Amino acid sequence: MASADRHLQDEALDWVRRLYDPSFADWDAHIAWLEADPRHPAAFDEASLMIEAATVELAPPRPLATSPIPINDNLLEPIVPSRRWTRWGAGLGIALAAGVAAVVAVPSLMQAGAQPFVVHTAPGEKRVVTIDGTSIALNGDSSLRLDRINPRVAVLERGEAFFTVRHDAAHPFAVQAGGARFQDVGTAFDIVARADVTQIAVREGAVLYDPGGAAVRLDGGQSLRIADNSATVRTVDAAAVGGWRSGQLLYRDASLGDVAQDVARSIGEPVAVDPALTVHRFSGVVMIDADRPRMFRRMAAVMGVHIRRVPQGWQMVLPSR
Amino acid sequence: MAGSALAQAFMANQPLLLRYLRARGAAADAEDCLQDLWIRTQASADDGIGDSLAYLYRMAHNLMLDRYRTARRRQDRERAYRKDVEGGDVDEAPAADRILTSRERLRQIDRVLAGLGPRTEHIFRRHRVDEVGQRDIAAELGITLSAVEKHLQKAYRAVAAAQRAIADGGDPIAAGKESVDGQR
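Protein chains in written order, with the working numbering: chain S, 1445 to 1765; chain P, 48 to 231.
Derived from the structure by calculation, the hints contain no laboratory data. Because the structure is a prediction, the values reported are computed rather than measured. Beta carbons are placed, not taken as given, at the ideal position from N, Cα and C, and that holds for glycine. Take every hint as true, because none was put in to throw you off.
Residues from chain S that face chain P, not an exhaustive set, calculated with beta carbons under 10 Å:
#1 D1465
#2 F1468
#3 W1471
#4 H1474
#5 W1477
#6 L1478
#7 E1490
#8 M1494
#9 I1495
#10 E1496
#11 V1500
#12 P1505
#13 A1658
#14 A1659
#15 N1673
Calculated from the model, a selection of chain S residues having no Cβ within reach of chain P, i.e. all distances over 10 Å:
#16 F1561
#17 K1570
#18 A1708
#19 P1714
#20 T1722
With the C-beta cut set under 8 Å, the calculated list includes, among others, these residues of chain P facing chain S:
#21 R66
#22 D98
#23 H108
#24 Y115
#25 R119
#26 S149
#27 H174
#28 R175
#29 Q181
#30 A209
#31 Q210
All chains should be built: construct the whole structure from the sequences, respecting the hints.
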């Protein structure tokens, strides 16, 4: 790289560093620099975004283990991470939110100093948790980790949860599931975390997937399925998202394996799928019904499969004719 | 609302703000940007703001960054779309590409930072992730402000070089190292 270019970039980077300081006040000098050369404004924008892109989801520091230099008294106290979401002080979060993709650093969700607690449900059990105005409905056989210190984060470790988020632009609600990050933009949405698949469907508002990186925006009626390191966006019936809460599971072109897992979670009994059915897809509604034989008879009819009772639970197989 | 301290500061300082927006490259859009800034001012709770003008500059700075980000994303999308149409796979490929790069990117940046030494890495994370002021970091570590600035300059250059290499398909680790060597 030519040294003149390099010098320009280093200068721009230095302004990015200076402006990132919460107490930066030397705007006159900044303006003077911007006006000094027509290449400066673009170099500054470029450098800002470069650093932003490189540092999204960067983890906070660990306290330094040992210090080779004289230690101040104040170092004897543990270094406590500052409040995560304050950026330039109260109020400005609103301004940032005006652009949907306001880049807010989403650090590793559970920080040092977090007081995590876990909410579990047994297979077939449902539970609603309310934290700081946000309501989270937990489907059966699910596990959700929350933080007493920061009520705006949640980690869905297993299962399915429907989030109705109290929107606060200055403190976006962040969810982690199966290694994926989501951030609400004013929202009701459902997340399923299976062993190998993570899926989110948005009912109202919007959610950012991978807010720091790709920042894919999902609006109401869209779902994102992440499996095998690839992500697929689909349209779904927004009104049906989270329907499991009232016993209705709605599918469009779903694999029978996914349907079986969802049903199993809802009824608390294993539902197996014959490998011969892996290529079958299902579109339609499954109604969860306390009368299991009736429920499975209806399911079998609408899915075009045969469902039989087995010692461990239920099994979907090809129709015998 | 128009009587708030922030709104008054906006009214009183419009020429300065317009000058700033132009300096940031808003060009013919500067007047539109000023309008946007006014709207944001209206939406902003303004209690507890010390220096109103500095606050307005900060808002204008964020506004310009948002605009730039949006423009960039649009370009990226159009580029990705063209690529997909030619490749015949329209919907799914771009997201998949980007997921891999975003995870891989974070790993690479972590490695570049680790290569700068524990102190530089700690200071960079404290500044960039915890958003602690440089003066406060200096006090925490018992070192001078200018020493903190030097650590940060080194880290910024290495991270930028690595990020550039990632975008160009080069080797981020080597680029980060090279940027540090170049500063010696």
